[in-house]
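Asks: Each chain, written out:
Number of protein chains: 4
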Amino acid sequence: MKFKVGIVGVSGYGGGEALRLCAGHPSFEVTYVAGESSAGQKLIDRFPGIGALGGLTIQKWDAAALPELDVLFASLPTGESKEPLARVSAKTKIVDIGGDHRFVDGWTYGLADVWPEKIAAAMRVANPGCYSAATLAALAPLAAGKMIDPNSIIIDAKSGVSGAGRGGGGTFGFADVNEDVCAYGLLKHAQAPEMTKALSQIGAGQAALTFTPHLIPMTRGILATCYARGKATTADCLAAARKFYAGRPFVRVVDAPPHTKWATGSNLVFVSYAADPSREMIIALAAIDNLGKGAAAQAVQNANLMLGIEESTGLIGSPLWP
Amino acid sequence: MKFKVGIVGVSGYGGGEALRLCAGHPSFEVTYVAGESSAGQKLIDRFPGIGALGGLTIQKWDAAALPELDVLFASLPTGESKEPLARVSAKTKIVDIGGDHRFVDGWTYGLADVWPEKIAAAMRVANPGCYSAATLAALAPLAAGKMIDPNSIIIDAKSGVSGAGRGGGGTFGFADVNEDVCAYGLLKHAQAPEMTKALSQIGAGQAALTFTPHLIPMTRGILATCYARGKATTADCLAAARKFYAGRPFVRVVDAPPHTKWATGSNLVFVSYAADPSREMIIALAAIDNLGKGAAAQAVQNANLMLGIEESTGLIGSPLWP
Amino acid sequence: MKFKVGIVGVSGYGGGEALRLCAGHPSFEVTYVAGESSAGQKLIDRFPGIGALGGLTIQKWDAAALPELDVLFASLPTGESKEPLARVSAKTKIVDIGGDHRFVDGWTYGLADVWPEKIAAAMRVANPGCYSAATLAALAPLAAGKMIDPNSIIIDAKSGVSGAGRGGGGTFGFADVNEDVCAYGLLKHAQAPEMTKALSQIGAGQAALTFTPHLIPMTRGILATCYARGKATTADCLAAARKFYAGRPFVRVVDAPPHTKWATGSNLVFVSYAADPSREMIIALAAIDNLGKGAAAQAVQNANLMLGIEESTGLIGSPLWP
Amino acid sequence: MKFKVGIVGVSGYGGGEALRLCAGHPSFEVTYVAGESSAGQKLIDRFPGIGALGGLTIQKWDAAALPELDVLFASLPTGESKEPLARVSAKTKIVDIGGDHRFVDGWTYGLADVWPEKIAAAMRVANPGCYSAATLAALAPLAAGKMIDPNSIIIDAKSGVSGAGRGGGGTFGFADVNEDVCAYGLLKHAQAPEMTKALSQIGAGQAALTFTPHLIPMTRGILATCYARGKATTADCLAAARKFYAGRPFVRVVDAPPHTKWATGSNLVFVSYAADPSREMIIALAAIDNLGKGAAAQAVQNANLMLGIEESTGLIGSPLWP
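Residue numbers (the numbering used here), protein chains in the order written: chain A, 454 to 775; chain B, 454 to 775; chain C, 454 to 775; chain D, 454 to 775.
Bound-form chain A, shown alone (with noise of 0.2 Å):
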């Protein structure tokens, strides 16, 4: 017997891409699909290359019309998932990849490498943001093992496209996004705080960081570069991070630095470190699939472990390279 699944917002590319983790994952049946735009249109519409699931028909989101699901995905953008979400069944897990309950009551933070119990025991999880997801993933280690100063913290994170979302318009095009590279949101991004209180929760103390996220030409990935004062080597470093991450499925600790390629496609993610205690200096980084690890693929994550599966089922698969 399969578990029963929904996503909402399926034709973003957060909720694009549940869908094709939901499709080829063992335990999962998807009998419900919504959106706005496309609602009215058959999957294989709007997924020229999807298989079995093509002739299911995208409904209208409407929280109050949903059938009875194991668990819901919503992919929605920031502002409205509250409100819908509020009215779905106690009895149907949810894992919101929007931006709408991250730390907020009643909602677990679904940093699936670092809580999977809390998540195990919980109905309702808040996906982490795509930034949050890569440079959590770097730093937890660190601030676990406080090897660093939690007011030191700069983050540098460099996004492709498709973390702007599908309707991003004019500024978005190829032509202005090819051969371009820029920062935004300085000082004011609203995955800042949730960086900050993730951190404070796993260093048990109280972080502040500063965080610069740029776009740059590629469509998926994220590296988050991450700079922090600490007397530690970079062997340490290595070194807490193994030991933090041991047994964990998706965590690849690196010796070099890792390249976001090296993640497309999957649920992976790399952390590596570069430490000179000569100046208490050190880099952590953190290279994901924005998609994966940063929405769609750690959702899935999150759902398995809600719903008491082994936790890699449907996320096995190998990254796209080249």
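It is possible that part of the hints are untrue.
If several chains are the same, the list does not tell them apart, and a pair holds so long as it fits within one copy or across any two.
Said to hold, decoys possible - Derived pair list, reagent style DSS-like, types lysine-lysine, alpha-carbon separation capped at 25 Å:
#1 Lys495 - Lys696
#2 Lys571 - Lys457
#3 Lys641 - Lys684
#4 Lys455 - Lys535
#5 Lys495 - Lys455
#6 Lys599 - Lys684
#7 Lys571 - Lys599
#8 Lys457 - Lys684
I should point out that these hints are in silico values taken from the structure, not numbers from a laboratory.
Given chain A, work out where chains B, C and D should sit, using these hints.
Replies: Structure of chains B, C and D alone, referenced to chain A:
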């Protein structure tokens, strides 16, 4: 004394390239720029890298409120040129970069490398479409020399995305366009009749052709790969093209298949040929920058001709590489 | 019990994709991998995202030192397969992804969507070239139905750069390839005779064709735009293709021009048609992933057929989007 | 009368850009070009879009066989400049675009926007590295104004691939670089000491810094995102930069985060700032074309200064957009 120049549609890709070229043109003084969405802004707010013209204010486009100009470049969306340009003073020369006046009475078709004398005598010039500019460059020598069966022509063209204009919306978003190629407008693209008419005039016969445009993941450039029936050898074709274009400053006849990157940012067009007489097959290739020879640079060449100055004035810069 | 699988040329793009697919194949156990430059490394050093197979050591390729295998995938440079593969045990099935055995005696041409029975009976299968895989998918129904003049065929194909293989060197460097398109191999590409032979067999007549490959700035994907003379309508062509491919799991006949992105990472091929009977012109289009249907995924489909298991085993994952 | 100019390393990316700029420079006459692999070719065989200089033959680089030149631009691989350039006539001014003479006795560091007078007096100028050019542009006003703790500086820079030079080989192949981002040279990049020395001189103190370069999938452009401790506000930083660069023609101080595309093909550098005094955090940003301000255009600016002509001669063209 410099010619007074105006540009309408300045904030689009074609208009912006016209601005770049006119700003560096030694005989032009840009005194008027107009747009729609950008009206009221200073040029420097729209083009942060612009030089001395930065303080110019973008006007709300209004043909009735034009200052006195020697030449006006119009780069407006299809369907929006006819009515307003009809109201421009007869003393102002116009180059319409848009598609509304090609093969329309009272307008000269601005195929500058083929018909410089006609253009030099004109007050109203319709710039060729970007696909036509490439295609005609490759086929004109063969058509003029009756070397190909005018009913056998197939044009398979590959364009960068800037050709779709700036207001492209989601369809031309980076994440969708990157790592993708598709054909569009099969058997019904607007530039097919334009090419047909031009070829018929050049070849003094009735051409019929099949034209398939493709969108490829790059910003600038068009490569037209043309196929036609004919008995000529490769050497015949190259010789015919070299003779046809003798003394023309912007056409380069080359022995190997040309790259679009050879033309980036310039008014150049590279043409080449390969033929298999045993199958009566001739392949004609042309590579251009779609915003250069395919739009703004050809427009400046046309304006130079109309104003009676050396046609390469302001257009001699080398292409950008890489 | 799983089939024992080997891959030679594993560190190239084609071999790497074969590894990805075999690693996730439920009936395959990869027990042998070999390469040249990478020999001696662990798989995980070459493929940091690989899963359980990471500990496998890449062997120095030596046909004489092969372990017992049910099937061997060979992805070697042109000219380097014939001698070593001749020494492989007759009991080991071989799929040669490279170009040395296409239409060579003793080898079956692995056009899996057209000739599954022939392949199912073979011990030695030569995988089609990437361009041929796309072209033949589009043209096979028309050739089989005698709907096109076999002497009128023109194929204009656009390929991502991974088709050139990994050892590309400077010519395929990012800075040169990005923002560029060019044709190459005019009138003399190695896959033209291959397509000719296959089409002649399918159509039971003597085909002659013109093939022009192009390199475009993307990593994966081939779009073949094919032109031929014929009286059929668009509807006729679509109907013929739907009938020809009825029940074939990987061919999708679609009404609009297909995008290569629809196939990324999959074994799918999308074909479509547009015809103008008044000019007796038929356009046939096919979009594939050049490393999927164009190389490794088709190879796995061939292996499945040869091994007598369901041909779509291990190949049902949805394509990556965006 | 024009200055006689030579370029050695002309077939690389930096040398090629120097050629493009010198070819269009109204006071320069390029009379000598040299290379290694390209020696013996005509310029037009290497640069198909070049104009009047196309007939010039690329010489085998030999410092002993130089003609009389007013200025020589050298763009040679690291380690290959010192010996040959020492043999160039003392009467020939040299701008070394390569890395061998930065902060070497007898050579002036060519930070043209900061030290024009020193450069104007020099016969030997070492052009700044591409990363240094961006970084120093952003930090110089803050260092000069003692607005930042010189020991707290972190530079996170993102570069297009042309910075790696043309002989990149497989690592910089399109299929590997596209859809990827990575950091490299952690805590040990050659340009870190260069930046340190320059900043120490500007700020009259001992700077120490952390520098992390990244490779992103674009051809041209560098964005340097710099972090440092300081109490200044955003407005303080912008005001300091505007004062520091008053009258300097190529530095644009802007209010919003700059895009590298704003500078493509030009000598411009865009700098901006964002500060959070409550955390004593200052972010300084600079965007350049790595081959422009980061190499060849800055070299031409330096040559102009050395030759006593207006420093913007030949450098006033607008950037390419899009």
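Asks: Among the hints numbered above, which are violated by the structure, and what are their numbers in rising order?
Replies: 4, 8
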